[in-house]
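Engineer: Listed here are the chains, written in short residue letters.
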Amino acid sequence: MILYKYPDIRRFLQSLTIILLTIIFCDFVIGRGMEYLYSKQKSGLLYRTTYSIDSTTADYIALGSSRANHHYDPKVFEAVLGTSFYNCGRDAQGVLFSCALAAAIINRYNPKGIIIDILPDEFTRSEEGKLSSLLPYYKNEAVRPYLGFNGKFQNVKLLSHIYPYNSLFTNLIVGLNNKHDEDYKGYVELNTVNTNDRMITLSEPNPPDSGKIKAFYKLVGELEQRHIPVLIIISPVYATNINSVTPEVCLNVAKKNKNVRFLNFMNVKYWQRQDLFSADEFHLNKAGAIVFSEAIAKIIAENPPGKIE
Amino acid sequence: MLFNSFDFLLFFPIVTILYFLLPHKYRWIHLLTASCVFYCFFIPVYILILLITILIDYFAGIYIERSEGKRRKAWLVISILSTCLVLFVFKYFNFFNSNINFIADFFHLNYSLPILSIILPIGLSFHTFQSLSYVIEVYRGNQKVETHFGIYSLYVMFYPQLVAGPIERPQNILHQFYEKHEFNYNDVVTGLKKIVWGIFKKVVIADRLAIYVNAVYLNHDKHNGTSLAIATVFFAFQIYCDFSGYSDIAIGCARTMGFKLMTNFNRPYFARSVSEFWKRWHISLSTWFRDYVYIPLGGNRVSKLRNYFNLFITFCISGFWHGANWTYVIWGGLNGIYLIIPQFFYKFSKHAGNVFKQNKILDFSMKLFNTLWTFLLIAIAWVFFRSPDLKTAIAVFDKIIYKHGPVFIGNNKNMIFSVVFLLVLLVVEFFEEFKLLNNFSFFNNSSMVLRRVSYVSLVIIILMFGVFDSSQFIYFQF
Numbered sequence: 002m003i004l005y006k007y008p009d010i011r012r013f014l015q016s017l018t019i020i021l022l023t024i025i026f027c028d029f030v031i032g033r034g035m036e037y038l039y040s041k042q043k044s045g046l047l048y049r050t051t052y053s054i055d056s057t058t059a060d061y062i063a064l065g066s067s068r069a070n071h072h073y074d075p076k077v078f079e080a081v082l083g084t085s086f087y088n089c090g091r092d093a094q095g096v097l098f099s100c101a102l103a104a105a106i107i108n109r110y111n112p113k114g115i116i117i118d119i120l121p122d123e124f125t126r127s128e129e130g131k132l133s134s135l136l137p138y139y140k141n142e143a144v145r146p147y148l149g150f151n152g153k154f155q156n157v158k159l160l161s162h163i164y165p166y167n168s169l170f171t172n173l174i175v176g177l178n179n180k181h182d183e184d185y186k187g188y189v190e191l192n193t194v195n196t197n198d199r200m201i202t203l204s205e206p207n208p209p210d211s212g213k214i215k216a217f218y219k220l221v222g223e224l225e226q227r228h229i230p231v232l233i234i235i236s237p238v239y240a241t242n243i244n245s246v247t248p249e250v251c252l253n254v255a256k257k258n259k260n261v262r263f264l265n266f267m268n269v270k271y272w273q274r275q276d277l278f279s280a281d282e283f284h285l286n287k288a289g290a291i292v293f294s295e296a297i298a299k300i301i302a303e304n305p306p307g308k309i310e
Numbered sequence: 286m287l288f289n290s291f292d293f294l295l296f297f298p299i300v301t302i303l304y305f306l307l308p309h310k311y312r313w314i315h316l317l318t319a320s321c322v323f324y325c326f327f328i329p330v331y332i333l334i335l336l337i338t339i340l341i342d343y344f345a346g347i348y349i350e351r352s353e354g355k356r357r358k359a360w361l362v363i364s365i366l367s368t369c370l371v372l373f374v375f376k377y378f379n380f381f382n383s384n385i386n387f388i389a390d391f392f393h394l395n396y397s398l399p400i401l402s403i404i405l406p407i408g409l410s411f412h413t414f415q416s417l418s419y420v421i422e423v424y425r426g427n428q429k430v431e432t433h434f435g436i437y438s439l440y441v442m443f444y445p446q447l448v449a450g451p452i453e454r455p456q457n458i459l460h461q462f463y464e465k466h467e468f469n470y471n472d473v474v475t476g477l478k479k480i481v482w483g484i485f486k487k488v489v490i491a492d493r494l495a496i497y498v499n500a501v502y503l504n505h506d507k508h509n510g511t512s513l514a515i516a517t518v519f520f521a522f523q524i525y526c527d528f529s530g531y532s533d534i535a536i537g538c539a540r541t542m543g544f545k546l547m548t549n550f551n552r553p554y555f556a557r558s559v560s561e562f563w564k565r566w567h568i569s570l571s572t573w574f575r576d577y578v579y580i581p582l583g584g585n586r587v588s589k590l591r592n593y594f595n596l597f598i599t600f601c602i603s604g605f606w607h608g609a610n611w612t613y614v615i616w617g618g619l620n621g622i623y624l625i626i627p628q629f630f631y632k633f634s635k636h637a638g639n640v641f642k643q644n645k646i647l648d649f650s651m652k653l654f655n656t657l658w659t660f661l662l663i664a665i666a667w668v669f670f671r672s673p674d675l676k677t678a679i680a681v682f683d684k685i686i687y688k689h690g691p692v693f694i695g696n697n698k699n700m701i702f703s704v705v706f707l708l709v710l711l712v713v714e715f716f717e718e719f720k721l722l723n724n725f726s727f728f729n730n731s732s733m734v735l736r737r738v739s740y741v742s743l744v745i746i747i748l749m750f751g752v753f754d755s756s757q758f759i760y761f762q763f
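Heads up: the sequence lines are chains A and B, in that order. The first sequence stops at residue 310 when you use the numbering used here, and every number in between is there. The second sequence stops at residue 763 when you use the numbering used here, and every number in between is there.
This list has only true hints and no planted wrong ones.
Label pairs and their in silico Cβ distance ranges:
id: 1; chain 1: B; residue 1: Thr318; chain 2: A; residue 2: Thr58; range: 56 to 62 Å
id: 2; chain 1: B; residue 1: Arg351; chain 2: A; residue 2: Leu160; range: 55 to 61 Å
id: 3; chain 1: A; residue 1: Tyr271; chain 2: B; residue 2: Ile328; range: 45 to 51 Å
id: 4; chain 1: B; residue 1: Leu503; chain 2: A; residue 2: Thr51; range: 30 to 36 Å
id: 5; chain 1: A; residue 1: Arg11; chain 2: B; residue 2: Glu718; range: 33 to 39 Å
id: 6; chain 1: A; residue 1: Val30; chain 2: B; residue 2: Glu467; range: 37 to 43 Å
id: 7; chain 1: B; residue 1: Leu340; chain 2: A; residue 2: Glu223; range: 52 to 58 Å
id: 8; chain 1: A; residue 1: Arg12; chain 2: B; residue 2: Cys369; range: 44 to 50 Å
id: 9; chain 1: B; residue 1: Glu718; chain 2: A; residue 2: Val269; range: 56 to 62 Å
id: 10; chain 1: B; residue 1: His393; chain 2: A; residue 2: Arg199; range: 27 to 33 Å
Derived lysine-lysine pairs resembling DSSO-like cross-links, with alpha carbons at most 27 Å apart:
id: 11; chain 1: A; residue 1: Lys180; chain 2: A; residue 2: Lys76
id: 12; chain 1: B; residue 1: Lys645; chain 2: B; residue 2: Lys632
id: 13; chain 1: A; residue 1: Lys140; chain 2: B; residue 2: Lys698
id: 14; chain 1: B; residue 1: Lys478; chain 2: A; residue 2: Lys6
id: 15; chain 1: A; residue 1: Lys6; chain 2: B; residue 2: Lys465
Just so you have them, the derived chain A footprint on chain B, three or more residues with Cβ under 8 Å:
id: 16; segment: 470-481
id: 17; segment: 692-704
id: 18; segment: 734-746
If you are wondering where the hints come from, they were derived from the structure by calculation, not from laboratory data. We put the beta carbon where it would ideally sit given N, CA and C, even for glycine.
Could you build the full structure based on these sequences and the hints that come with them?
Structural biologist: Structure (C-alpha cells):
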C-alpha cells in the first residue's frame, strides 16, 4: 500500500476512521433515544405539534405563529360554533410552518374550516433556520418538502440522527410529564397586560420572499381544490402598520380562490386598546383573545362553510 | 463563507486535501483560488475592492524598496492614504457625513451630501490593516519587498484569516507561503482540535448567549436593570466566544496545512488588570496599534502627560476601527482611561501587592478581587460596544444603576444551556490558566482513549446543543 510510505497519513486516517465511526455510532444511539423520547411526549410544545400533525380531527383548526397560539381560544369557538376546534399555532413560526401543518393534516382528513393567522410582515421575512421545529417530522411526506426552506443541505444534515432533535433535550424531558398542562386544545393564554402605551411603527423593509409566497399560493390552492374554507387573518397588533406587501399577497390569494376570505385587523383602533386587550405589542392577552375569538367565531357562524365569499 | 456553515464543512476538507495532493509550486495558486471562492460567498463583486487594496500596496511596497529618503516616505504616505481612502469610503463616509450634517443643522447651514447606500465589504478593516502592516514593515526595512504578485495577494487574502484575522505581520506569514509543508500528523490533529473547540465556542456558547442578549438589548426599554446587567455579562462572554471561536477556527484551518498563525486570545477574562486584559484580548490588533500607532506617537518614552495622551488616543482610534459610531469611540476611550488611571496609583498598588504577597489568603483574595474588578470594568465598556447608539447606552446604564427587578428569563431552555456551557468554558479555562491537576487536559491527555472520547463528546455536544442558524460572527461587520 502506498500509505505505508507516509506513516503520518496512515496514522491520521486510522485515528480519523475510529473517531468518525464512534461519532456515527453515538449519533445513531443518542438520536434514536431522542426520537423515542419525542414519540413519548405527553404534554408541552412538542406534543402539541405532534398532535396537530398526527392526531387532531377537529372541525376547525387555527394555524400560525405565537400570535395564532395566543389569539384563538378553542373554548369560545366551540361555544359559538358548537363544534370542535384545535389551535395548532406555535411560537416563533411563520406561514411555512402553517403550510406544512396544513399539508400534513389534510393528508388525513378535511377540516370544516382552517384559520391561517399571518404575521404583519410575513412575506418579507425569511424563515431560514426557523423551521427546525419541523425536522423531527422529516419522515412525513407532506412535511418534507417544506424542510428545504430551513436552509441548504437539509437532506445531508438529516443523515445525522441527532440533528432533528437539536436543542430539544430539555423540552423532551419536560414533555414526558403529562401534568404539564399549560394549554387548552393547543391554546396558551397570556395573562399579562401591556404597560407600554407608545405604539411602534411596523414596516416591511425587506423585499418579498417569492419562494414563501409561491408555497403559500400552492397550499391555499390545494385547500381550494378540496373545498376547505380558509380564513386568512392578520390579527390585531398594537402598532401602527405601514406594511403593504403582506396584506396585498393575502388579498390576491383571497381574490383567486372562492373559498378563501381575508380579514385584516391591522390599524383597527378598536383592537388597539393596550390596557385592555394586549399582552405586548404583538400578542393579545386572555381578555383580548376571548373577545377576538368571539368576533371571528361569529364571522364564521354567519358565513358557514361553502358560503364564505 | 461562514466557518459555521455547512458550505465550509465541505470547502475545508476539499481545500486541505487538494493542498497536500498538489505539487508545492502550484499550491499558492490553489490557496489563492480557494480564498477567492471563500470571499465570493459574501458579495462577489466586492473582491474588486480587495484587488484595489492589494494592487495599491503591492506596487507601493516595490516603490518604497526602490526609493530612499523623502521619496520613500512619500510612497509610504501615498500607500497609507490610498488604502485608508477605500476604508473611509465604505466604512466612515456616512458617519462623517451625518455628523457634518448634524453640525450644519445646528448652525442652520445649508449642507446636504447624500448618504451612500452601500454595504460594508466583509472584513475590510482586517485586510486593510494586514496590507498596511506590510508597507510599513517594508518601509522600516524589517521586511523585504514581495515581488511575487500571487504570493503577496495570498498574504492579504489567505482564507483562514481573510475576514476577521488574526491580523498577521508579513515577517510571520509571508515566508511560510514559500515553505513546503508536508502532511504532518501533529499539525493536522492540533489544527482539527482547534477547529472543533472554536466551533463549540461559537455555536454552543456564543450563539446561545446571543439569544438572551439580543432579546434584552433589542428591547432594552422593556427590561429592568437586573436583566440588562445579566445580558451585559452574557455579552462579554458572547463576544469572547464568538471572536476567539473564529480565531481558533482560523488558526486551526491554517495549522492543518502547516501554517502557523499568531495567537489571538489568551483567556482574557482571567486578566488581573486592564493592561493585562489587552495583552490577552485580540492580541493581533492590540500589537498592531502598539507597533504602528502608540510607539510612533512616542509610546511611554515621553512625558507622563504625553504618554497618557498617547494611550488615550490609541484606544480611541482602536475603538473607531471597530465601527463608525461614537459608541465604539467611547468604548475605546474608556479602555484608554482604564489604563491611565492605575498609573496614578502605581506606587501604592505596588506596595500593597508586596504586603499582600506575604499572606497566602490575602494574596489569593487580592488576585481574585483584581480579576473580578477587571472583568467588571471591561463589562461596563461592553455596554457601549453592544448599544446601537449613545442614547441606548445611557438608558442601559441608568436602568442597571437605578431600576432593578425580577430577572427576565425568556426561554428556560436557552437560559439553562447558556449557564451550563458557560460554566464548562470557565472550568476548562480555569484548569488551563492555573495548570491544575498536573496540567490536566481532556484534549491533550496522555491517554489516547480519553483524548478520543473528548473529541467525540464535543462533536456530539455541538450536534445536540449547537445553534445552527448560521449566524454571522460579530467581528465580520468590522
